[in-house]
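Asker: The primary structure of each chain is shown beneath.
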Amino acid sequence: ILNVEQSPQSLHVQEGDSTNFTCSFPSSNFYALHWYRWETAKSPEALFVMTLNGDEKKKGRISATLNTKEGYSYLYIKGSQPEDSATYLCAYRGNQGGKLIFGQGTELSVKP
Amino acid sequence: DVKVTQSSRYLVKRTGEKVFLECVQDMDHENMFWYRQDPGLGLRLIYFSYDVKMKEKGDIPEGYSVSREKKERFSLILESASTNQTSMYLCASSLGDLTTYEQYFGPGTRLTVT
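If you read the protein sequences in the order shown, they are chains A and B. All residue numbers in the first sequence are consecutive under our numbering, ending with 134. All residue numbers in the second sequence are consecutive under our numbering, ending with 115.
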């Protein structure tokens, strides 16, 4: 059974804090790693799709890194704002089948 | 902007009823997906489709079926609803290669089976 783990499960930070969380996935047969943001009462939205070991992607204050050899990805948020409050999901795809396997998510709450 | 719509935001059904959840996307995407989301479990794939009239089982297909008669529409059917199918159901679509491209999600349908 392929397992995708995210940690921590939840995080409470103050506005202006920088934060990061982890997605762990199988290091063998890697094909792609997705990050999504899911705000309450909205649809999940894609942040990044990463395929190459060592890849680093950035969107505004949010960035992500990928290590396929050891099977982890970090998502960083610099200077958190209340509007960053959401559940952040990662999803792994192996190269034997087209399905995404999602982690259980990290719920971020940013207090003003 | 890609738009994925789902027929209902909230739905309450009785045990044993046949339930239809509809999903429509407006960007000519080849791939469509149905997930359910339960607390602590993340999104789990029920079925997906990579072309009209094509379907593939996901991780938890039992008790569900799907229909894709037109490219833009993907329906999830609960043949005989049960209380353990109470959940949030999310539809998604994507371009081309199944999972290299990002998925676009609908707003979700919260289904309660009593």
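Hint data in this document are derived by calculation from the structure and do not stem from the laboratory. Misleading hints may appear alongside valid ones.
Below, in silico cross-link-like pairs of lysine-lysine (DSSO-like), each with a Cα-Cα straight-line distance of 27 Å or less [said to hold, decoys possible]: (1) B:LYS72 - A:LYS80; (2) A:LYS121 - B:LYS56; (3) B:LYS4 - A:LYS79; (4) B:LYS71 - B:LYS4; (5) A:LYS64 - B:LYS4; (6) B:LYS58 - B:LYS14; (7) A:LYS121 - B:LYS4; (8) B:LYS72 - B:LYS4; (9) A:LYS133 - A:LYS64; (10) B:LYS56 - B:LYS72; (11) A:LYS79 - B:LYS71; (12) B:LYS14 - A:LYS64; (13) B:LYS14 - A:LYS79; (14) B:LYS4 - A:LYS81; (15) B:LYS58 - B:LYS71; (16) B:LYS19 - B:LYS71.
Estimated spans, in silico, between C-beta atoms of each pair [claimed, not checked]: (17) B:MET55 - A:GLU37: 43 to 49 Å; (18) A:THR87 - B:ASN85: 47 to 53 Å; (19) A:ASN75 - B:THR6: 35 to 41 Å; (20) A:GLN103 - B:LYS58: 29 to 35 Å; (21) B:GLU18 - A:GLU92: 33 to 39 Å; (22) A:PRO134 - B:ARG111: 26 to 32 Å; (23) A:GLU27 - B:THR84: 35 to 41 Å; (24) A:GLY38 - B:ASN85: 40 to 46 Å; (25) B:LYS4 - A:GLU27: 30 to 36 Å; (26) A:THR87 - B:LYS4: 44 to 50 Å.
Keep in mind the model is a prediction, meaning the values are calculated, not measured. We put the beta carbon where it would ideally sit given N, CA and C, even for glycine.
Asker: Work down the list of hints and note, for each, if the structure agrees.
Answerer: Tested hints:
1. Taken as a hint, the B:LYS72 and A:LYS80 pair is broken in the structure, with Cα atoms around 33 Å apart against an allowance of 27 Å.
2. A C-alpha spacing of about 13 Å is found between A:LYS121 and B:LYS56, which places the hinted pair at or below 27 Å, so the restraint holds.
3. Distance hint between B:LYS4 and A:LYS79 is fulfilled; the C-alpha atoms sit about 25 Å from each other, no more than 27 Å.
4. As the CA atoms of B:LYS71 and B:LYS4 are separated by approximately 16 Å, the hinted pair is consistent with the 27 Å bound.
5. At roughly 13 Å between alpha-carbon atoms, A:LYS64 and B:LYS4 fall within 27 Å of each other, so this suggested pair holds.
6. Among the hinted pairs, B:LYS58 with B:LYS14 is consistent with the structure: their alpha-carbon atoms are about 24 Å apart, no more than 27 Å.
7. About 22 Å separates the Cα atoms of A:LYS121 and B:LYS4, which keeps this hinted pair within 27 Å; it holds.
8. Taking the CA atoms of B:LYS72 and B:LYS4, the gap is about 14 Å. The hint holds against a cut of 27 Å.
9. Of the pairs offered as hints, the one joining A:LYS133 and A:LYS64 holds, with about 20 Å between alpha carbons and a cut-off of 27 Å not exceeded.
10. Restraint check for B:LYS56 and B:LYS72: satisfied, since their Cα atoms lie roughly 12 Å apart, inside the 27 Å limit.
11. Our distance criterion of 27 Å between C-alpha atoms is broken by A:LYS79 and B:LYS71, whose separation comes to about 36 Å.
12. Between the alpha carbons of B:LYS14 and A:LYS64 the distance comes to roughly 23 Å, so the proposed pair stays at or under 27 Å and holds.
13. Of the supplied pair hints, the one linking B:LYS14 and A:LYS79 is violated, its CA atoms being roughly 43 Å apart against a limit of 27 Å.
14. Restraint check: the Cα-Cα separation between B:LYS4 and A:LYS81 comes to about 22 Å, which is no more than 27 Å; the hinted pair holds.
15. The hinted pair formed by B:LYS58 and B:LYS71 meets the criterion: a straight-line CA distance of about 19 Å does not exceed 27 Å.
16. Annotation: proposed proximity of B:LYS19 to B:LYS71 holds, straight-line Cα distance about 21 Å (limit 27 Å).
17. Taking the beta carbon of each, B:MET55 and A:GLU37 are about 47 Å apart, inside 43 to 49 Å as hinted.
18. A C-beta distance of roughly 38 Å is found between A:THR87 and B:ASN85, which places it outside the suggested range of 47 to 53 Å.
19. The hinted range of 35 to 41 Å is satisfied by A:ASN75 and B:THR6, whose Cβ atoms lie roughly 37 Å apart.
20. In this structure the hint that A:GLN103 and B:LYS58 lie 29 to 35 Å apart at CB is violated, the actual value being about 41 Å.
21. Taking the beta carbon of each, B:GLU18 and A:GLU92 are about 48 Å apart, not inside 33 to 39 Å as hinted.
22. Checked against the hint of 26 to 32 Å, the pair A:PRO134 and B:ARG111 passes, with Cβ atoms roughly 29 Å apart.
23. The hinted window of 35 to 41 Å between A:GLU27 and B:THR84 is violated, with their beta carbons roughly 29 Å apart.
24. Between A:GLY38 and B:ASN85 the beta carbons are some 43 Å apart, a value that agrees with the proposed interval 40 to 46 Å.
25. The supplied range of 30 to 36 Å is met by B:LYS4 and A:GLU27, whose beta-carbon atoms lie about 32 Å from each other.
26. Distance hint check for A:THR87 and B:LYS4: the Cβ-Cβ separation is about 31 Å, which falls outside the suggested range of 44 to 50 Å.
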